[in-house]
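Engineer: Here the protein sequences come in this chain order: A and B. For the first sequence, the numbering used here assigns the number 390 to the last residue and increments by one with no breaks. For the second sequence, the numbering used here assigns the number 319 to the last residue and increments by one with no breaks.
Just so you know, the hints here were simulated from the structure itself, not pulled from any lab data. We put the beta carbon where it would ideally sit given N, CA and C, even for glycine. Warning: the hint list may mix true and false statements.
Capping the alpha-carbon separation at 20 Å, the derived lysine to any residue pairs in SDA-like fashion look like this [claimed, not checked]:
hint	chain 1	residue 1	chain 2	residue 2
1	A	Lys-142	A	Ser-209
2	B	Lys-128	A	Phe-266
3	A	Lys-329	A	Ala-245
4	A	Lys-204	A	Leu-150
5	A	Lys-193	A	Ser-162
6	A	Lys-101	B	Val-90
7	A	Lys-101	B	Phe-229
8	A	Lys-101	A	Pro-115
9	A	Lys-341	A	Asp-370
10	A	Lys-142	A	Leu-161
11	A	Lys-329	A	Leu-371
12	A	Lys-101	A	Lys-142
13	A	Lys-204	A	Asn-236
14	A	Lys-193	A	Ser-268
15	A	Lys-101	B	Lys-74
16	A	Lys-101	B	Lys-84
17	A	Lys-341	A	Phe-266
18	A	Lys-208	A	Ala-245
19	B	Lys-128	A	Gln-301
20	A	Lys-101	B	Ser-224
21	B	Lys-84	B	Gly-285
22	A	Lys-204	A	Gly-189
23	A	Lys-341	A	Arg-358
24	B	Lys-74	B	Lys-84
25	B	Lys-128	A	Lys-341
26	B	Lys-74	B	Trp-50
27	A	Lys-101	B	Arg-231
To give an idea of the interface, some chain B residues facing chain A are shown, with a C-beta separation under 7 Å as derived from the structure [claimed, not checked]:
hint	residue
28	Asp-78
29	Thr-82
30	Ala-153
31	Met-174
32	Thr-212
33	Ser-216
34	Leu-221
35	Gly-222
36	Ala-223
37	Ile-226
38	Pro-235
39	Leu-236
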Amino acid sequence: MTAVNGLRHGAELRLNRITKMYGAVAAVDNLDLTVAPGEFVTLLGASGSGKTTTLMMLAGFTSPTSGEINIGGRDVTNLPPGKRNLGVVFQNYALFPHLTVAQNLAFPLQMRGVDGRSISTAVKQALELVRLPEKHGSFPRELSGGQQQRIALARAIIFQPQALLMDEPLGALDKNLREHMQSEIKQIHKSLGATVVFVTHDQEEALTMSDRIAVMHNGSIAQIDAAEAVYERPATRWVAEFIGQSNFLSGQIVSRSGESYLVALGSGERIIAQGPANLPIGQQVLGVLRPESVRVAPQNKTGTANRINAKIVGVLYFGHTIKLRVRLGDGSELITQATRDGQTTIPEMGSDLSVVWDPTSVWLVHASKAAA
Amino acid sequence: MTGRLLLRVGISPSWLLLAPTLIALTVFFIYPLCGILLKSFIDPVFTWKHYARFVHDPVYLRVLLQTFTIAGWVTVATILLGYPLAYFLSRLKPGTAALLMIVVVVPYFTSILVRTYAWMVLLGTEGIFNQLLIRAGLMVRPLQLMYTRTSVLIGMTYILLPYMILALYSVMRGIDTNLLSAAESLGASRIRAFWRVFVPLSRPGLGAGALLVFILSLGFFITPALMGSEQDSMISMLIENQVENYFDSGFASALSSILLVCTLLLFAIYGRMIGLQNLFEAKL
Chain A
19 MTAVNGLRHG AELRLNRITK MYGAVAAVDN LDLTVAPGEF VTLLGASGSG KTTTLMMLAG
79 FTSPTSGEIN IGGRDVTNLP PGKRNLGVVF QNYALFPHLT VAQNLAFPLQ MRGVDGRSIS
139 TAVKQALELV RLPEKHGSFP RELSGGQQQR IALARAIIFQ PQALLMDEPL GALDKNLREH
199 MQSEIKQIHK SLGATVVFVT HDQEEALTMS DRIAVMHNGS IAQIDAAEAV YERPATRWVA
259 EFIGQSNFLS GQIVSRSGES YLVALGSGER IIAQGPANLP IGQQVLGVLR PESVRVAPQN
319 KTGTANRINA KIVGVLYFGH TIKLRVRLGD GSELITQATR DGQTTIPEMG SDLSVVWDPT
379 SVWLVHASKA AA
Chain B
36 MTGRLLLRVG ISPSWLLLAP TLIALTVFFI YPLCGILLKS FIDPVFTWKH YARFVHDPVY
96 LRVLLQTFTI AGWVTVATIL LGYPLAYFLS RLKPGTAALL MIVVVVPYFT SILVRTYAWM
156 VLLGTEGIFN QLLIRAGLMV RPLQLMYTRT SVLIGMTYIL LPYMILALYS VMRGIDTNLL
216 SAAESLGASR IRAFWRVFVP LSRPGLGAGA LLVFILSLGF FITPALMGSE QDSMISMLIE
276 NQVENYFDSG FASALSSILL VCTLLLFAIY GRMIGLQNLF EAKL
């Protein structure tokens with residue numbers, strides 16, 4: 019009776035100074051990560067960023083070169099995967115092709131010596147949870163991709179694991195199905211209160227699903243934060259470039275009040291921007307400005323802050339939005355993105371206008387690429 | 036022109052591609068086979084006497100049984116030796132695996148006669164094995180290794196092993212390693228994951244390899260003839276004996292027909308249990 023409901027108390031996961039070397043290359047480099055009980059954390063990164071290696075070390079398929087892995091307060095660094103009590107969903111689902119759906123679901127329970135009657139009850143509940151009770155006797159090859167995905171999910175939670183690890187589980191599905199499965203996974207996460215570590219290279223997926231996103235780069239975490247923080251307050255230039263589209267305004271800090279800074283741009287214009295509290299006066303910075311925060315306005319002389327004259331050098335029409343490429347006085351270019359709301363006429367190439375943005379929508383990062 | 040004609044009588048031109056093989060098979064295989072079957076029944080008029088002789092003289096049944104026993108042991112031995120090796124090869128990187136596969140297959144290209152003689156040299160009274168045993172002081176007199184059931188089994192196993200390895204390897208290569216990882220993450224130990232997931236998935240290869248080795252063993256001649264004794268006669272040696280020494284082609288034909296029927300029967304059983312399509316393609 020308890021089997022499927024069991025994940026309710028997801029465990030805490032903790033990686034302490036984990037390093038994984040492959041020859042002289044560090045796939046994961048001195049990484050610290052703590053996932054709170056019941057939290058949904060996404061490891062987001064390009065291929066080779068170390069996200070999958072990190073997950074595989076958590077699961078126990080790869081052992082770290084150094085560091086400690088802690089699950090639910092227990093050191094599991096040297097424990098084989100089968101003893102860690104974690105549900106793993108693989109990219110290609112890894113359903114056993116020679117077993118039926120029911121036998122696949124029963125497998126982890128059999129491994130734990132659960133008696134036959136409890137197993138069939140748990141299998142039934144699990145199939146109801148993923149809304150596929152009629153697929154009981156089917157073989158995996160008879161299921162669609164989405165159905166296989168749901169069975170793989172059911173198999174990973176049926177034995178009440180301490181946490182759920184998912185390695186690009188939606189990568190093989192088409193766009194519509196993927197969106198559907200995203201909400202389904204979220205719903206199961208919420209109803210079970212499971213601790214989830216989810217690996218993906220799809221930033222949209224990461225932004226919609228996660229409590230927190232760990233943006234991975236070169237084997238370490240470039241930033242770990244809630245979705246809106248990662249997007250709106252990127253920690254480094256790299257994060258800003260990786261997630262979404264960004265304009266970068268290069269400049270130097272002139273003065274500061276709290277988290278508000280006055281920045282002198284290369285062109286001589288002064289703008290107001292937000293930034294982390296620790297930027298010193300005189301620091302070379304980049305202002306991250308998302309295209310959708312930039313509006314265009316007719317040129318006039320009203321002296322609002324963050325208003326710069328520009329010329330349109332490119333118009334990209336996307337149907338629901340328009341993107342404009344504009345050139346500023348000093349030759350640098352910005353991308354703006356505006357929603358088409360019917361009245362807006364499409365601006366003409368070469369026309370002169372102003373670009374305007376809200377002072378709160380510029381976020382400062384260190385100018386150097388390397389700086390954290 | 037011809038094409039149009041063929042189409043009119045309902046034959047696709049692509050069937051023409053099969054023609055050379057079909058003609059060759061008919062002339063050199065089906066026709067003589069029918070000849071053998073006929074000969075076993077007609078001597079010079081229709082008769083059951085050859086089959087009656089086979090059934091009534093216990094010697095022949097004993098040889099048939101012995102043939103099956105030897106074939107069975109060879110199959111078991113090739114599985115025991117081939118399975119771990121094929122597993123090992125299938126888990127290697129493709130490049131390394133291909134290289135080692137060549138090592139497995141090269142003996143396959145060498146004449147069976149040469150390989151059989153090689154074993155005779157190794158196992159003979161003056162052979163390396165006996166020399167080693169005597170030098171090491173484990174034996175005073177050389178062991179009788181040659182011309183025993185054991186020497187036949189060793190020789191045949193050695194020669195048929197590549198078939199088993201190839202059949203197993205082609206199926207094992209297709210087994211996704213993630214499935215074993217999945218089994219482990221679900222609570223199985225390495226060994227249990229292997230038994231519950233890998234072994235069942237390798238079964239088509241095991242079936243194909245076993246069938247291949249068993250059937251080839253049933254009709255094996257050179258190795259048992261050279262390495263075995265009269266007591267370990269196999270049916271092929273009996274057939275040869277009837278032709279060479281007794282000029283009794285009628286009885287030889289009957290023995291051949293019996294061997295053929297046994298082989299076809301095995302195919303049928305295999306087809307029922309596992310399915311013949313698995314024999315010719317690696318699944319997954």
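Engineer: Given the hint that A:Lys-329 pairs with A:Leu-371, test it: the Cα-Cα distance must not exceed 20 Å.
Structural biologist: Given pair A:Lys-329, A:Leu-371 holds - Cα atoms ~6 Å apart, limit 20 Å.
Engineer: Just to be careful, I want the Cα atoms of A:Lys-341 and A:Phe-266 compared with a cutoff of 20 Å; is the pair within it?
Structural biologist: holds, 16 Å
Engineer: Is the shortest C-beta separation between B:Thr-212 and chain A less than 7 Å?
Structural biologist: violated, 9 Å
Engineer: Can you confirm whether the C-alpha distance between A:Lys-101 and B:Phe-229 stays at or below 20 Å?
Structural biologist: At roughly 16 Å apart (the allowed maximum being 20 Å), B:Phe-229 and A:Lys-101 satisfy the hint.
Engineer: Can you verify the interface hint for B:Ala-223: is its Cβ closer than 7 Å to any Cβ in chain A?
Structural biologist: holds, 5 Å
Engineer: Going straight from one Cα to the other, do A:Lys-341 and A:Asp-370 come out at no more than 20 Å?
Structural biologist: holds, 16 Å
Engineer: Are the Cα positions of B:Lys-74 and B:Trp-50 separated by 20 Å at most?
Structural biologist: Answer violated: B:Lys-74 to B:Trp-50 is near 33 Å, above 20 Å.
Engineer: Regarding the pair A:Lys-204 and A:Leu-150, is the alpha-carbon distance no greater than 20 Å?
Structural biologist: The given pair, whose Cα atoms are some 18 Å apart, holds under the 20 Å limit.
Engineer: Keeping to a limit of 20 Å between CA atoms, is the pair of B:Lys-128 and A:Phe-266 held or broken?
Structural biologist: violated, 45 Å
Engineer: Do the alpha carbons of A:Lys-101 and B:Val-90 lie within 20 Å of each other, as the hint requires?
Structural biologist: At roughly 61 Å apart (the allowed maximum being 20 Å), B:Val-90 and A:Lys-101 break the hint.
Engineer: Let's test the interface hint: is any C-beta of chain A closer than 7 Å to that of B:Leu-221?
Structural biologist: holds, 4 Å
Engineer: When you check the alpha-carbon spacing of A:Lys-101 and A:Lys-142, does it fall within 20 Å?
Structural biologist: violated, 25 Å
When the structure is compared with the earlier hints, violations turn up for hints 2, 3, 6, 8, 12, 13, 14, 15, 16, 19, 25, 26, 28, 29, 30, 31, 32 and 37 and for no others.
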